[in-house]
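Trainee: Here's the letter readout for the chains.
Number of protein chains: 2
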Amino acid sequence: MKSYLDCIPCFVRQALEAARFVSDDVAIHEQVLRDVLAAAATMDLSQSPPMMGHRIQRLTRKLTGNQDPYREVKEHFNQYVLKMFPGLRESVEEADDSLNAAVRLAIAGNVIDFGPFAQVDEALLKRSIQEALGASIPEVVIEDLRGVIEQAESILYLADNAGEIVFDRLLIEQMPAQKITVAVKGEPVINDATMADAEAAGLTDLVPVIDNGSDAPGTILELCSEEFRQHFEAADLVISKGQGNYETLSDVEIEIFFLLKAKCPVIARDIGTDVGALVVQRGRAAAQAA
Amino acid sequence: MKSYLDCIPCFVRQALEAARFVSDDVAIHEQVLRDVLAAAATMDLSQSPPMMGHRIQRLTRKLTGNQDPYREVKEHFNQYVLKMFPGLRESVEEADDSLNAAVRLAIAGNVIDFGPFAQVDEALLKRSIQEALGASIPEVVIEDLRGVIEQAESILYLADNAGEIVFDRLLIEQMPAQKITVAVKGEPVINDATMADAEAAGLTDLVPVIDNGSDAPGTILELCSEEFRQHFEAADLVISKGQGNYETLSDVEIEIFFLLKAKCPVIARDIGTDVGALVVQRGRAAAQAA
Numbered sequence: 002m003k004s005y006l007d008c009i010p011c012f013v014r015q016a017l018e019a020a021r022f023v024s025d026d027v028a029i030h031e032q033v034l035r036d037v038l039a040a041a042a043t044m045d046l047s048q049s050p051p052m053m054g055h056r057i058q059r060l061t062r063k064l065t066g067n068q069d070p071y072r073e074v075k076e077h078f079n080q081y082v083l084k085m086f087p088g089l090r091e092s093v094e095e096a097d098d099s100l101n102a103a104v105r106l107a108i109a110g111n112v113i114d115f116g117p118f119a120q121v122d123e124a125l126l127k128r129s130i131q132e133a134l135g136a137s138i139p140e141v142v143i144e145d146l147r148g149v150i151e152q153a154e155s156i157l158y159l160a161d162n163a164g165e166i167v168f169d170r171l172l173i174e175q176m177p178a179q180k181i182t183v184a185v186k187g188e189p190v191i192n193d194a195t196m197a198d199a200e201a202a203g204l205t206d207l208v209p210v211i212d213n214g215s216d217a218p219g220t221i222l223e224l225c226s227e228e229f230r231q232h233f234e235a236a237d238l239v240i241s242k243g244q245g246n247y248e249t250l251s252d253v254e255i256e257i258f259f260l261l262k263a264k265c266p267v268i269a270r271d272i273g274t275d276v277g278a279l280v281v282q283r284g285r286a287a288a289q290a291a
Numbered sequence: 002m003k004s005y006l007d008c009i010p011c012f013v014r015q016a017l018e019a020a021r022f023v024s025d026d027v028a029i030h031e032q033v034l035r036d037v038l039a040a041a042a043t044m045d046l047s048q049s050p051p052m053m054g055h056r057i058q059r060l061t062r063k064l065t066g067n068q069d070p071y072r073e074v075k076e077h078f079n080q081y082v083l084k085m086f087p088g089l090r091e092s093v094e095e096a097d098d099s100l101n102a103a104v105r106l107a108i109a110g111n112v113i114d115f116g117p118f119a120q121v122d123e124a125l126l127k128r129s130i131q132e133a134l135g136a137s138i139p140e141v142v143i144e145d146l147r148g149v150i151e152q153a154e155s156i157l158y159l160a161d162n163a164g165e166i167v168f169d170r171l172l173i174e175q176m177p178a179q180k181i182t183v184a185v186k187g188e189p190v191i192n193d194a195t196m197a198d199a200e201a202a203g204l205t206d207l208v209p210v211i212d213n214g215s216d217a218p219g220t221i222l223e224l225c226s227e228e229f230r231q232h233f234e235a236a237d238l239v240i241s242k243g244q245g246n247y248e249t250l251s252d253v254e255i256e257i258f259f260l261l262k263a264k265c266p267v268i269a270r271d272i273g274t275d276v277g278a279l280v281v282q283r284g285r286a287a288a289q290a291a
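Chains A and B supply the protein sequences, listed in that same order.
Residues 2 to 291, numbered by the working numbering, are exactly what the first sequence covers, in order.
Residues 2 to 291, numbered by the working numbering, are exactly what the second sequence covers, in order.
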């Protein structure tokens, strides 16, 4: 997905919010803001929005000297969701359609995203779970996903955020473990899940987990490691969580399903849905070929 | 008032909204946005926020070739408020304290502001009137204003927006006409009132009306005409309507009362009030000397 003009005011707002999240130093806030303004003034709008998020996050880490400023919120949400996990797993197992329930919950967890939002709290997460269980997802899309999972021999699951990755475990447990590889980010960026979060979620005991070698908030293939790209190209199916992965992979021609909560009007419009909607979307290339 | 870091994302959003308001041409939207980003990247934050609004509005007028893009909404709101005017005047005349009622209504009209908001509608204005009549304004501040009006021999009333200027007439009618001069903008900028709006409101038949010689959305004294500055310096009392005038005059040491509706969190914090509050604030210099 390209960047839209509407992304620009949002980049500027996010830059200020991110700088304030990681530092109390007003001089750092101003420096981050001015850098992003100058970059946005000449940016190539054909680039996907996470390119700018990548720049903002690298600069805030450099200026503060803090390589993982979201470590605390990542650990908090991992632990918080782990406490809910037995109950959530039971509800998945008892559901008429366990895959359908697990998809909904995996998407519900996608609200734990400190990119578009400056703050995420537990009340928001609880509302998201309730909404996800009641939301309408076309049955035909779930059936498509079920069929592709059954046919695929290798599935690459692109995790998005810490905390959310515990919800992902619910969905991963509904698929044959021997088919699956999970990918996390190579370095900390916002509250995106890294290997430490995959371990905290208990995923590393279930399936192979790799990192993508990158610190971009999404999957910018040219910034990923050669090892990750080989997995990506070899996979029969990619399951992609979250906005950042959608923004960076929506134009790639592979068999891919995007699972996310639409959190901004630009992405909602690009997908053709409403803000707040649960999205299960098959990649355009595969959908057209089917 | 200086510009705060929080003003910057707002400038960028306003630039895009203003460009879209005046043109359907995406190339113009992008050009305005990139210009404001580049300017904001190096801007002197000791300047007041209307300096950036001034730049945005000049550029949109230049790129579209439309010297008065808000003409239609200005006329619409003048006519709309004129229809309400007899009823509003009656309520002022019948009030226990007519000055107090007229102050409230003059501030209620300050929501007709296409600067911070991309759209203003009649429902918003009606709510603003209801809120203004019920809002709490400290009696002591109204008494201060009443006393200063009585003592002053010359009063300069700085109007803000079209439509709102009809509400201003309610307040101006509560003051001795021979003391008053009303000032409007020298050239169109956003929906700020110009001489045509003062005429539409019937003010030119009541009191002398001058223009300030400037197309800035506020009163940036160094951009105003020599004639206006003489009036400004000679006045015993300045009554200043709206956010733009507050932002550009809050540090000037004269006897001045600011009447406005706080429409953004930055101004609300600068004043020490809440967003949505009706503000009647005596200038700091005069308040300290008193």
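Keep in mind the hints are simulated off the structure, nothing from the lab.
Some hints could be false.
Which copy is meant is left open, so a pair is good if it fits within one copy or across any two.
In silico EDC-like cross-links for lysine to aspartate or glutamate, where the CA-CA straight-line distance does not exceed 20 Å [what the hints assert, rightly or not]: (1) Lys264 / Asp45; (2) Lys180 / Glu223; (3) Lys264 / Asp275; (4) Lys3 / Glu31; (5) Lys84 / Asp25; (6) Lys3 / Asp26.
Trainee: Indicate which option fits the pair Lys3, Asp26 if close means a Cα-Cα distance not exceeding 20 Å: within, between, both or neither.
Mentor: Close across copies (19 Å), not inside one copy (33 Å); limit 20 Å.
Trainee: Taking 20 Å as the upper bound on the Cα-Cα distance, should Lys264 and Asp45 be classified as within, between, both, or neither?
Mentor: neither (23 Å within a copy, 34 Å between copies)
Trainee: Cα distance capped at 20 Å. Does Lys180 pair with Glu223 within a copy, between copies, both, or neither?
Mentor: So Lys180 and Glu223 fail the 20 Å test inside a copy (25 Å) and across (71 Å) alike.
Trainee: Please sort Lys3 with Glu31 into within, between, both or neither, judging by C-alpha distance up to 20 Å.
Mentor: This pair counts as between: shortest inter-copy Cα distance 14 Å, intra-copy 27 Å.
Trainee: Is it within, between, both or neither when you check Lys264 against Asp275 at 20 Å Cα-Cα?
Mentor: within (9 Å within a copy, 28 Å between copies)
Trainee: Have a look at Lys84 and Asp25 and pick one of within, between, both or neither, based on CA distance no larger than 20 Å.
Mentor: Neither, since 32 Å and 52 Å both go past 20 Å.
In summary, the structure is inconsistent with hints 1, 2, 5 from the numbered list given earlier, while agreeing with the others.
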